[in-house]
Amino acid sequence: MADLFLAAASSVTTAASAAEAIASGLGTGALALQLNAGAIAPEVAVLLTLVVCLVVDLAGEKAASRWVPPICYGGLGASLVLLALQWDSPLEPSFLGSFLADNLAIAFRAVVAASTLISLLLSWRYVERSGTPMGEYAAILLAATLGAMFLCGSTDLVSIFISLETLSVASYLLAGYMKRDARSSEAALKYLLVGSAAAAVFLYGASLLYGLSGGATSLATIGVALQTSASPITALALVFVLATVAFKIAAVPFHQWTPDVYEGSPTPVVAFLSVGSKAAGFALAVRLLVGCFESFDAQWKFLFTVLAVLSMVLGNVVALAQTSMKRMLAYSSIGQAGFVMIGLVCGTEDGFSAMVLYMAAYLFMNLGAFACIILFSLRTGSDRIADYAGLYQKDPLITLGLSLCLLSLGGIPPMLGFFGKIYLFFAGWADHQYLLVVVGLVTSVVSIYYYISVIKMMVVKEPQEASDVVKAYPAITWNLAGMQPLRAALVGCVVITAVGGVLSSPLFDWASSTVAGTPILQQAIAAAAIAPLG
Amino acid sequence: MSIASTTQQICFLVLSATTVVGSLGVVLLPNIVYSAFLLGGVFLSVAGLYLLLNASFVAAAQILVYVGAVNVLILFAIMLVNKQETLAAIPGLLVRRLLSGAVCAGLFALLLRVAFTTTWALPGPTPVGEEATIRIGEHLFTDYLLPFELASVLLLMAMIGAIVLARRDVFSTDVITGEPADQGLIEKDRTPLLIEKSAPAPTLLSKP
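The listed protein sequences correspond, in order, to chains A and B.
My numbering puts the first residue of the first sequence at -6, with every later residue one more than the last.
My numbering puts the first residue of the second sequence at 56, with every later residue one more than the last.
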């Protein structure tokens, strides 16, 4: 016990030596130091949108519901354009090493920003229908986006922790946003408790890393320090940090919060959590594991293999038994995270680009599926799978959209998801990850079963077998405010999911240039290429 | 051993014992008011440990923020929501407690083992003492500028969220259509997770 406190003592006091190092750095190269603040221009656009939303909200709820949507479109659109302009720009660490806008960060930030944009398109009608304030909803979701975007590019333990907390606290608030509903409050409470525990574990791991590197918080410096320390304490730090990453991407056995939170949260928030938050988690995984723990390559790859196998098996098998659509998609998202982890475990050029590609494909197909179930619950007030029976008679658009997105999630050709999945399995096979690929193939078949059973429920049933909800289906109207954006998002996601597979060549190029423009990935690939020879 | 180091040793032992016993009390005592006051004690003794390490600024911040704000807030919350309520007994509570105790003990054993097998770089660097504030200020405006600014967004958002969750002047209608709304999930007809299945869920229709 005393040793622990002494260790804490040394880590507090080593701050001093770090400060000295900084001070000497300032002394020698004061003129050369630049903030490179331009790297966070996309985040600044999101931040400005957030502030403008709050100011507009002062004018009352009517004004907010009129003006907040266009402001959000403008801000997130500007953020995406600024991200595109940063692509392949010369790499300079910004904010004295807190942030790095390499292509990996840009790609994942774009996925996050796009997922927020689409989630917001899906949200307006849902939020108004439930009678909750809209300006604050948009502001909190934008704050979550801001945290997730910073998380994708952070290269420093302190930045990582603060952006992780921004994302998490905003997510807890959003999960409990329907505050008069016991399920929503329960979801928020569960998420808060589990999330706080995960944050505490991360802090413990980070403090160990801080001590091991002699008082450095930059991931690159810690990575260098870890190369010479092979003590059990490094393994402990690895496990702690890995637990947080696994919590964020909802990998088994750190997935327990997922089904309850997904079921109790407002559905558009679930759409954001399942894509935006997860993308940020994967970016964090790459930064920490590939960038910092590269000397513990074999260890984290083994742990990640175990997590991936468990996620694929448990996520896809338990999804079979679900009766609620949101819960089914929760388990399916656990399984999907397992597929993406194959790419990370490979550590080859193909593996990383397959991971990026699948994340982008997942953005469209998962949000398309969520658009359909949000529209269905707006019209019927239900999300039971049984209530979808016979839907093709009454609502062909939802039937078609949901069928295409679910087929794509299952990996049926020629959808976008098929190409993403086949690329992942190809990369895994080339890297001799036979166990992962075989488990992935088998669980894909299982997942196709439950995706198809939803489609069967919608399409095959005779009109007299339709559920009561579908029999009492309201007339289809799009004239209410907020319905047109929902339709636009639905159609957009479904079209990209359906056609994107055939025309996916630009996506492949984009994914491989992401890997090419990211120094830490290039180093890892080079190290992996040398390892078998040496 | 000089008097100074003996005093330091004794202070360390007393503060650590207070921290450990106090935090056990926070977790184990059934009365939440005792837990809240003990938590204040734990925060104070951690502040004392910081003082022993010559980190007076951190100690002052610990007292101001944790004891002065967080703990007082917790006490306020307890006093405002001090509602006597008999909760239904959780089935298999003893087994659950034993299980979680075993997990905690296992984790503790692991941490102890790692702490004893690691060769620590002792003694650590010399503390800067009173200069700490200057160093922290330098850090906040050089390499930790970005997280420092981001923390303000975090606080702003937490404030907005707290207001949203706490405010009462809620509008109970859909702004666009004017239909009544209940600030609940749109997906209604499902079994509630928390409420007992036998008890009818309170709905708008059940009211006379």
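Treat the hints with care, as some may be off.
According to the in silico footprint, chain A covers these stretches of chain B (three or more CB under 8 Å from chain A) [said to hold, decoys possible]:
#1 169 to 178
#2 195 to 207
#3 211 to 223
One side of the interface only, derived from the structure: several residues of chain A facing chain B at Cβ under 8 Å [to be verified]:
#4 Ser58
#5 Trp60
#6 Ile64
#7 Val74
#8 Glu121
#9 Ser123
#10 Thr125
#11 Phe143
#12 Leu166
#13 Ala474
Please keep in mind that the hints were generated in silico from the structure rather than gathered at the bench.
From the three backbone atoms N, C-alpha and C, an ideal C-beta is built for every residue, glycine too.
Consistency of the hints with the structure:
no., hint, in the structure
1, 169 to 178, "holds (count 10)"
2, 195 to 207, "holds (count 8)"
3, 211 to 223, "holds (count 8)"
4, Ser58, "holds (5 Å)"
5, Trp60, "violated (13 Å)"
6, Ile64, "violated (16 Å)"
7, Val74, "violated (22 Å)"
8, Glu121, "holds (5 Å)"
9, Ser123, "holds (6 Å)"
10, Thr125, "holds (5 Å)"
11, Phe143, "holds (6 Å)"
12, Leu166, "holds (4 Å)"
13, Ala474, "holds (5 Å)"
Violated hints for the displayed structure, listed by number in ascending order: 5, 6 and 7.
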